[in-house]
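In this note's numbering, the protein residues as written are 100 to 622.
Incorrect hints may appear among the rest.
[Said to hold, decoys possible] Restricting the straight-line Cα-Cα distance to at most 20 Å, the calculated cross-link-like pairs of lysine to aspartate or glutamate (EDC-like) are:
| # | residue 1 | residue 2 |
| --- | --- | --- |
| 1 | K285 | E481 |
| 2 | K541 | D288 |
| 3 | K285 | E475 |
| 4 | K285 | E464 |
| 5 | K285 | D468 |
| 6 | K285 | D549 |
| 7 | K507 | D288 |
| 8 | K541 | E464 |
| 9 | K285 | D542 |
| 10 | K285 | E543 |
| 11 | K541 | D468 |
Hints in this document: simulated from the structure, not taken from any laboratory.
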Amino acid sequence: MTDGLTGPDHADTYPPESAGTDDHLGQVDSVEKAGPEPSMHSSEPINVSFSDNPKDGDGNARKRRTLLGRFAHSAADEPSDSSDSVKGRDRQKFTLVGQLKATVFNSWVNVLILAAPVGIALNYVDVDPVAVFVVNFIAIIPLAAMLSYGTEEIAMRTGETIGGLLNASFGNAVELIVAIIALVHKEYDIVRTSLIGSMLSNLLLVMGMCFFFGGVNRLEQHFNPVVAQTAASLLALAVASLIIPTAFHQWSQAGGTAVAQLSRGTSVILLVVYGCYLFFQLKSHTEMYNQPSPKVEKRRQKITGGDASRGIAQIGKMSATMAGQNAQQMQLQDPEDEPEQPQLSIWVAFLTLGISTAFVALCAEFMVDSIHALTERGNVSETFVGLILLPIVGNAAEHATAVTVACKDKMDLAIGVAVGSSMQIALLVLPLIIVLGWCMGKDEMTLYFDAFQVILLFVSVLLVNYLIADGKSHWLEGVLLMMMYLIIALASCWNKVTMLLVILYHIRYQIYGTLYPIIQAEQ
Numbered sequence: 100m101t102d103g104l105t106g107p108d109h110a111d112t113y114p115p116e117s118a119g120t121d122d123h124l125g126q127v128d129s130v131e132k133a134g135p136e137p138s139m140h141s142s143e144p145i146n147v148s149f150s151d152n153p154k155d156g157d158g159n160a161r162k163r164r165t166l167l168g169r170f171a172h173s174a175a176d177e178p179s180d181s182s183d184s185v186k187g188r189d190r191q192k193f194t195l196v197g198q199l200k201a202t203v204f205n206s207w208v209n210v211l212i213l214a215a216p217v218g219i220a221l222n223y224v225d226v227d228p229v230a231v232f233v234v235n236f237i238a239i240i241p242l243a244a245m246l247s248y249g250t251e252e253i254a255m256r257t258g259e260t261i262g263g264l265l266n267a268s269f270g271n272a273v274e275l276i277v278a279i280i281a282l283v284h285k286e287y288d289i290v291r292t293s294l295i296g297s298m299l300s301n302l303l304l305v306m307g308m309c310f311f312f313g314g315v316n317r318l319e320q321h322f323n324p325v326v327a328q329t330a331a332s333l334l335a336l337a338v339a340s341l342i343i344p345t346a347f348h349q350w351s352q353a354g355g356t357a358v359a360q361l362s363r364g365t366s367v368i369l370l371v372v373y374g375c376y377l378f379f380q381l382k383s384h385t386e387m388y389n390q391p392s393p394k395v396e397k398r399r400q401k402i403t404g405g406d407a408s409r410g411i412a413q414i415g416k417m418s419a420t421m422a423g424q425n426a427q428q429m430q431l432q433d434p435e436d437e438p439e440q441p442q443l444s445i446w447v448a449f450l451t452l453g454i455s456t457a458f459v460a461l462c463a464e465f466m467v468d469s470i471h472a473l474t475e476r477g478n479v480s481e482t483f484v485g486l487i488l489l490p491i492v493g494n495a496a497e498h499a500t501a502v503t504v505a506c507k508d509k510m511d512l513a514i515g516v517a518v519g520s521s522m523q524i525a526l527l528v529l530p531l532i533i534v535l536g537w538c539m540g541k542d543e544m545t546l547y548f549d550a551f552q553v554i555l556l557f558v559s560v561l562l563v564n565y566l567i568a569d570g571k572s573h574w575l576e577g578v579l580l581m582m583m584y585l586i587i588a589l590a591s592c593w594n595k596v597t598m599l600l601v602i603l604y605h606i607r608y609q610i611y612g613t614l615y616p617i618i619q620a621e622q
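I would like the entire structure built from these sequences, with the hints used as guidance.
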């Protein structure tokens with residue numbers, strides 16, 4: 100029986116579960132030092148020895164270690180492989196019918212795309228201006244979503260940092276177009292309120308929904324606190340750039356010319372700051388923005404009452420344990436994290452952006468033209484239109500994008516879209532509008548904003564700074580942000596009621612002042 104019992108063909112061949120790692124080599128060496136182990140069917144020991152350069156049965160050097168080395172080398176060179184795969188995506192064939200279907204049917208909201216030609220046609224027909232506003236308002240929503248879809252197709256061929264930058268930039272194209280059209284029509288209040296409202300919508304509503312829907316099935320979500328705090332600091336600078344001209348106009352003895360000059364100088368400085376931020380993000384500190392954040396697995400089971408009481412006491416321990424784990428272990432697999440493949444070629448994606456932008460410009464122009472009819476006959480104030488309605492249209496695309504990626508636990512990208520979009524409006528769109536007004540000779544377009552709106556923005560930035568300081572979020576923080584936005588919406592509605600009460604008071608005063616002398620004369 101012992102003659103038929105032979106050792107393995109390869110001395111260091113391990114079962115599949117052991118994979119022949121160095122830890123097993125150390126264990127076998129220790130066993131060999133301890134002494135030979137008797138065989139099950141023979142009294143003769145089976146000597147198993149390993150050398151640093153193992154040989155196969157023919158005396159040749161084995162290539163298992165070389166194969167593992169190749170795997171390790173491929174893992175180290177993974178970025179280059181991914182870049183090659185991205186280049187391969189651009190070389191794949193796209194059919195015209197497939198790209199058209201992907202563009203039109205990528206979202207259910209594209210059903211409203213039929214409102215775009217209807218809204219354009221209504222502008223040339225004698226209809227109620229309120230109907231023109233409503234139809235064009237609805238038409239911009241799918242156009243913004245289509246613009247966002249083209250942006251995402253381009254962002255698939257870039258990194259997460261540049262992808263978030265592209266989403267925020269083209270997401271603000273609607274706000275920029277609406278602001279330029281309102282500036283041409285001398286609707287300065289609409290320009291100011293729409294830009295402030297867009298920042299409030301991104302900071303409170305969009306990010307609040309990201310925190311809520313992303314954290315409803317997770318204990319908490321993690322993101323890069325340094326990146327978020329950098330964006331929040333730039334937002335604080337932007338708020339200061341609005342407070343200073345407003346305070347200067349209120350308490351300074353200088354006229355409107357001085358305020359215009361201060362606003363133009365401040366706008367140029369903000370544009371320089373935004374350029375420095377781009378260099379900081381894309382060049383000097385790229386590694387900091389590309390650091391992956393820890394992932395948190397979704398809850399699989401419903402927590403009972405007893406488990407909840409015990410789980411509250413374990414939250415601190417779980418958080419400390421999760422923070423101390425390796426970053427690679429925190430990258431938990433999720434079916435939603437599968438990489439998406441581009442559906443459009445790069446040129447069709449750019450064409451989609453161009454066509455969507457053109458239709459947005461047309462619908463926005465007709466919508467701005469009919470705002471006066473809405474405010475005069477619809478019992479809606481310009482403050483409510485600028486702070487609430489117009490930002491809903493402009494932020495529809497990035498709102499959907501941010502919430503979608505937040506549900507996939509990609510919080511860095513979600514915050515890059517929400518906070519980054521607000522920061523771009525404050526540091527790029529707003530000062531650019533001031534400079535355009537300067538070039539067009541419109542001295543009324545300054546950084547002097549209504550004190551009510553500036554206070555709202557200041558409180559919102561303060562709340563966001565406080566919530567993102569720890570680099571973690573949960574659904575309750577999302578509720579806080581959304582409730583803050585709801586309070587602002589109520590305040591903008593109450594602003595209209597307050598104006599009506601003031602008007603009624605003055606009417607009563609005028610009637611009383613007219614009738615009082617008559618009554619006194621009759622007495």
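In rising order, the numbers of the hints this structure does not comply with: 7
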